[in-house]
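We have chain A already, so just place chain B on it with the hints.
Protein chains: 2
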Amino acid sequence: MTYDEVVLQPAADLVELTRALVDVPSESGAEGVLADAVERALRAAPHLEVERIGHSVVARTALGRAERVVIAGHLDTVPACGNLPSRLVDGRVYGLGACDMKGGVAVALHTAVTVPAPTRDVTYVFYECEEAHTERNGLGRIAAERPGLLAGDLAILMEPSGGLVEGGCQGFLTADVIVRGARAHTARPWQGVNAAHRAAEVLRRLDERDVRDVVIDGLVYREALSAVAVRAGVASNVVPDACLVTVNLRFAPSRSPKEAEALVRALFPEYEVLVTEVVAGALPGLARPAAASLLARLGTEPRAKLGWTDVARFAAAGVPALNLGPGDPSLAHTPGEYVPVAELRSVRAALGDWLMMA
Amino acid sequence: MTYDEVVLQPAADLVELTRALVDVPSESGAEGVLADAVERALRAAPHLEVERIGHSVVARTALGRAERVVIAGHLDTVPACGNLPSRLVDGRVYGLGACDMKGGVAVALHTAVTVPAPTRDVTYVFYECEEAHTERNGLGRIAAERPGLLAGDLAILMEPSGGLVEGGCQGFLTADVIVRGARAHTARPWQGVNAAHRAAEVLRRLDERDVRDVVIDGLVYREALSAVAVRAGVASNVVPDACLVTVNLRFAPSRSPKEAEALVRALFPEYEVLVTEVVAGALPGLARPAAASLLARLGTEPRAKLGWTDVARFAAAGVPALNLGPGDPSLAHTPGEYVPVAELRSVRAALGDWLMMA
Chain A
1 MTYDEVVLQP AADLVELTRA LVDVPSESGA EGVLADAVER ALRAAPHLEV
51 ERIGHSVVAR TALGRAERVV IAGHLDTVPA CGNLPSRLVD GRVYGLGACD
101 MKGGVAVALH TAVTVPAPTR DVTYVFYECE EAHTERNGLG RIAAERPGLL
151 AGDLAILMEP SGGLVEGGCQ GFLTADVIVR GARAHTARPW QGVNAAHRAA
201 EVLRRLDERD VRDVVIDGLV YREALSAVAV RAGVASNVVP DACLVTVNLR
251 FAPSRSPKEA EALVRALFPE YEVLVTEVVA GALPGLARPA AASLLARLGT
301 EPRAKLGWTD VARFAAAGVP ALNLGPGDPS LAHTPGEYVP VAELRSVRAA
351 LGDWLMMA
Chain B
1 MTYDEVVLQP AADLVELTRA LVDVPSESGA EGVLADAVER ALRAAPHLEV
51 ERIGHSVVAR TALGRAERVV IAGHLDTVPA CGNLPSRLVD GRVYGLGACD
101 MKGGVAVALH TAVTVPAPTR DVTYVFYECE EAHTERNGLG RIAAERPGLL
151 AGDLAILMEP SGGLVEGGCQ GFLTADVIVR GARAHTARPW QGVNAAHRAA
201 EVLRRLDERD VRDVVIDGLV YREALSAVAV RAGVASNVVP DACLVTVNLR
251 FAPSRSPKEA EALVRALFPE YEVLVTEVVA GALPGLARPA AASLLARLGT
301 EPRAKLGWTD VARFAAAGVP ALNLGPGDPS LAHTPGEYVP VAELRSVRAA
351 LGDWLMMA
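Just so you know, the sequences run in chain order A and B.
Its first residue numbered 1, the first sequence is counted upward by one per residue in UniProt numbering.
Its first residue numbered 1, the second sequence is counted upward by one per residue in UniProt numbering.
Everything labelled a hint here was simulated from the structure, so no lab data went into it.
Check the hints yourself; a few may be wrong.
To give a feel for the contact side, a few chain A residues facing chain B, derived at Cβ under 8 angstroms [as the list claims (entries may be wrong)]:
no., residue
1, L48
2, R204
3, D207
4, T246
5, R303
6, L306
In this text, a Cβ means the ideal position worked out from N, Cα and C, and glycines have one as well.
So here's chain A without its partners, still in its complex pose:
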């Protein structure tokens, strides 16, 4: 079989579908073969309207329901790491992307073709380049070119979350705190000012700053500020005249990017602070009727999503969003990643039941 002939059988067994998705390589930028196969599978379902945008595929029901739900997952993976093809061992599907997030894609694709008459209209989005630079992100491209396709009352991102609902996501900010000094020969350091020595104060403040909890919709978003890089050094006989401390702030979705920036600047008022990236988070929106009924169906407690995910792209488009997918998020991007069969089945069952609830 060549990749030209990849045929998915999305209505058959969920485990076989997950393995088939894993076994078609789809590293970021090379999702074409997999996108073709997914598109063919969706077009075979008469209840879906299908559109192709780059290597992303959007499939929608058009039943005129009062509510519309968006269910999204990315097709791409990080590069392979000796973890292909897939293996089924002890109730787990192992292999590249099994956890992040072909297990979730399998659940969405299976649901798409086997639930022809949901009580809420559904827009399924299978998109490219989530693991690549943000500018190539397929969901971002759809939001820019065809924003109407992402409209809905609630978005569910199949991000691995252990089968639990993780509401919204935190924002993040990366900044360089620049400590200045003056160069000198290390044989006469008193003629200069050692920027690395002065950076002790910056690192001490980071070390002493506690995490802060922000509660939204009952979920606890835990804000934290970390040094992620320290760089100083000219030569082994030179007192360095600059020390760069790169910090990463994770902030609650109730805080704006501007507020996050002010928070970092207030901590380092006497240093240069250069913000290199700041991205807003996403509010959980769990009070929305669609979210509330999904939570009721699941019967588990939701928790806050602390890492940033593409739910923020929905939030930016005005759609409350949550993360719900099979797989342990801490296994993402590890060579030994896997998705438990039990979670594949439980998330599929919950989604299907919810979409058929009156």
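Below, chain B without anything else, positioned relative to chain A:
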């Protein structure tokens, strides 16, 4: 004129000789043409016995004097930086290596050929690769292959020292202080230990440590410990699990390398300390009769040499050594380096007078 035909006239004007030496490029590893010219000039002096070792040249008087003095200078320079050919402006010779140390080489070469009957025997050493890796150093090669050639009661290195005697030199030690932590995602930093934050304590100790003065032969050696590099960083969303602080200690020549290492380890008892390089300094030996008479002739106060120089190679061979050369050491390796004509002449006069003193 091609370089094959470079003819130096070392007995003629000192300024012209300095300019001629500057105008023959001799970046480390490419000293051959200059070494050839210096060798020819020395062989033309009947009072000198000349030997060639690689691109280093040794010339000796053999007058059976009670004392022998070694006068040494390196032929090589750092790479050119738009500062060739030489220029004579306002009483200064500008150009690559004018300060470090072709001015000093000119003084030594002029002295070698114009003082045929010194009252102390003299060994002149013009050597290669001082600005390169220590393993290529021409003086080191002579010390290893022909140690007898460096024997003497006192060594004078033509290191730029503003025409003053700078006694001995300090040793230096470079070490990595390694602070360990545990990786975590920056969205959950409390699951790890931030090594960069922990490094604040290492940098604080460096910042609070004062310099320490050690007096030897009346000269003040000022010991200092500096961070010269800080390195931490895995990715912008990862709590770093290691932070490496590279420190450079300059220590008085009365302290052994082992004592220097113990000093650094005592400051950081709870961290891994990896010594990457440690080199002993050189005692000034200014009480030696030869040194005392030179100082008396100069009539200026000696001072301690704080940076490390090749005088330490003489010290390791049991020969007390001092630095004495024209030029401001802070101009070494700068594009605008120059040597003042007045210092060329004063150092040449002092050396010549001293070598002819009864």
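TODO: If any of the earlier hints don't hold here, list their numbers in rising order.
DONE: Result: hints 1 and 5 break, sorted rising.
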